[in-house]
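**Q** Can you build the whole structure from these sequences, using the hints too?
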Amino acid sequence: MDTRESVCLLCPMGCRVAVRAMGEAVVGPEFVSARPGDARVCARGLFTTELLNHNQRVAVPLLRRDGVLRDAAWDAAIAELAARVKGVIRSSGAGSVAIVTDAVRSDSDLAAVDRLARCIGTDAVACMLEPQDAALAAAGESAGVAAIEEAGCVIVFGDVFFSQPVLARQIIDAKYTARGNSLFVVDPRRSNTAWFASEYVQNHPGTEALVLAALLKALAAAGKGAGQAAWLEGVDEKALLDSAGVSKAVVGRMARSFADAAKAAIIVAPSVRGVSDVELVACLARLAVEMAGAGKAYVGLPSEGNVKGAVRAAADGGWMPIASLISQLNEGRFKALISVGADLFSAFPSASLEKAVEGLDFVASYSLFRDRVADRAEVVLAGATWLEADGSAVLFDGSPVSWKAVGRPSWGARTLPDVVAALERALGAPAAAAKSAHKNKAQSELTAAALQQRLEAAVRLTGSKSAAGKSLVAVAATGHTAAGGITRHIDWAREMFPTGIAEISAQDAAEAGIRDGDGVVLTSETSSGRFSVKVTERLQQGVVGVAAFDPAARALFSWEDAGGNVFSTAPGSVRLARESKQ
Amino acid sequence: MKRVFVNIDRCIACRTCSAACHYSHAEQRPTIGYGELREDARLPFICRHCEEPTCLAACPQNAIKKLDSGAVKRMNMLCTGCGSCAVACPFGVIEPQVRSYIISKCDLCAARAEEGKQPACVMACPTGALTFEEDDEIAVKSVMIGSSMTGRHPFFRRV
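For the record, the sequence lines run as chains A and B. Just so we're aligned, residue 47 is where the first sequence starts under the working numbering, counting upward by one. Just so we're aligned, residue 44 is where the second sequence starts under the working numbering, counting upward by one.
Nothing false has been slipped in among the hints.
Stretches of chain A that chain B covers, calculated by requiring three or more beta carbons in the stretch to come under 8 angstroms of a beta carbon on chain B:
{"#": "1", "region": "73-79"}
{"#": "2", "region": "93-100"}
{"#": "3", "region": "211-225"}
{"#": "4", "region": "237-248"}
{"#": "5", "region": "576-584"}
What the hints contain is simulated information worked out from the structure, not anything from laboratory work. Positions of the beta carbon are idealized from the N, C-alpha and C atoms, including for glycine.
**A** Following this line, the structure appears as structure tokens:
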């Protein structure tokens with residue numbers, strides 16, 4: 047029995063995971079650190095090793111015969127896929143083939159997806175990034191973990207201990223290293239991270255940008271960043287604070303601690319759901335870092351392992367944003383869909399999308415599990431995880447990471463580059479390149495005027511809250527939730543992150559006569575779903591909390607193509623009703 | 044003897060210890076449960092390996108033994124999964140839910156100990172909240188449940 051090391055790609059921290067292996071067989075996780083706490087791995091990272099031997103993995107390619115998916119040989123599956131793709135190209139053109147992939151894969155996998163698109167000749171390729179991830183990546187380079195370790199003041203937006211537990215050690219260390227060190231946590235839900243805060247700031251859902259704008263004003267008032275945020279003078283501070291539901295005093299203390307600390311960091315974590323404009327939040331956080339002077343750092347944490355690599359691949363290959371691809375899919379522009387890895391229906395659930403995919407001539411899936419896209423597919427190829435091949439990725443701070451395969455692909459699975467090479471041979475000579483057809487925003491270009499405009503829009507949005515409805519926030523367990531969501535197939539992980547639960551405050555529960563475990567129906571502008579109630583003290587009155595990894599909950603949020611960063615509901619737009627007893 | 048201690052000033056309730064336990068004892072439920080103190084603190088419940096274990100006394104099959112190391116271990120082949128130990132445990136760390144006729148019982152990762160390794164839960168903990176130390180070492184360090192309590196509510200105590 048030997049120990050082999052690899053990298054976890056469920057979130058962009060790039061933790062080293064180790065497995066015990068015997069020959070080709072992987073037995074289970076191992077811990078290679080010299081002392082406790084150094085292993086830098088969370089529960090979700092441990093789950094990844096189960097993916098290698100999971101008994102529900104697609105073991106061999108499947109072909110649909112007489113309406114039923116049946117086992118097939120790789121050659122037959124590749125030939126069938128190539129023939130169907132050629133048929134669609136002949137009848138409707140290469141541009142009618144859409145390809146979607148996810149960011150829980152290595153650079154070489156992403157390059158293989160790009161090669162497949164070139165070979166087919168389509169420009170309709172998209173990576174299923176979480177809606178806010180592209181905005182976080184566009185907001186510029188993030189500092190690394192070291193910036194947190196040395197910080198005397200850390201301001202966290204979101205529940206980072208839930209989404210990235212491996213950062214907890216650095217954040218707790220930073221807080222306890224010296225007397226006077228401070229940890230501010232800004233989150234509408236009093237999360238586990240808030241337990242540790244020296245000051246917890248409970249804002250209204252969707253107002254992170256407003257809190258940051260108030261922080262910038264406080265910094266400017268203290269004489270920091272001369273002239274850097276002159277546009278803020280026209281913004282009404284009282285409106286910001288009232289809409290965000292935070293006091294001027296607490297923002298003042300946050301600004302003082304942040305400016306006075308020799309080293310400080312602002313962490314924008316992906317669990318910030320319900321935020322209407324993540325790009326604005328990230329840009330304002332960076333501006334605060336620039337204004338406060340030297341020694342300050344911005345840390346932006348996207349949801350999935352290789353978001354930076356995927357953004358780079360998308361920019362190089364001229365891929366389209368996932369929202370554009372889905373809207374074109376809904377409009378009926380495509381005739382065929384090739385899904386590489388991710389479950390589109392769980393990541394972006396909507397009835398119209400399912401109907402649109404139902405109407406396609408042909409669907410193929412390269413996936414680990416028989417997910418709902420695979421169930422709809424004519425050809426299912428047995429996919430391999432990133433652990434089963436050598437690979438590389440780009441972490442949240444832009445640093446590269448590489449790893450060696452811990453074992454060969456399980457059963458009959460093949461790695462994506464191998465599959466694409468076989469498809470290239472079957473499809474014949476590569477088609478003409480269709481490159482750079484789409485504008486991908488690699489770097490945010492928000493000017494001062496644009497910042498002001500978007501901030502005012504955010505104030506208007508949150509200020510227009512309807513008293514009757516509820517505001518929605520969602521908590522995220524990174525990697526388990528995000529577009530890939532492969533750990534959803536692991537029983538033990540599902541038990542750990544239960545779905546179908548809506549948290550409501552004790553006041554709301556008392557008013558509506560709802561008790562723990564009662565069934566309620568949540569209705570937003572986009573969807574409606576049944577949830578089981580958990581009464582909690584974590585939320586303010588008028589706020590409902592759901593899990594961002596729950597497809598039914600994700601459907602309640604709207605996501606649009608406006609910068610690809612919207613994953614929110616309008617404040618007060620969600621209706622909560624007791625489930626009627628039949 | 045060496046025991047697993049929980050430093051609640053570092054525990055973030057991420058349940059990595061529970062997942063590590065699950066994968067180290069593949070046939071069982073994890074032996075680490077979680078208890079919630081209202082919604083302000085959520086902590087792992089880990090077997091204390093008592094000096095005089097009530098689970099051992101309660102077992103009708105003599106399937107629970109105290110090893111020389113001090114660890115209280117369930118013997119797989121003798122256990123019938125009757126659940127008496129779960130009822131007897133004063134700390135509620137043995138889950139009454141039975142799978143495959145065996146109860147889940149922490150053995151301080153006896154197999155790992157033979158290789159000179161620390162228990163899986165301790166090694167996996169991402170924040171260093173779990174430590175595996177001698178009783179007297181812990182007394183010196185004052186790192187154990189409640190040791191640094193100031194008598195206030197846990198939520199505020201962390202401030």
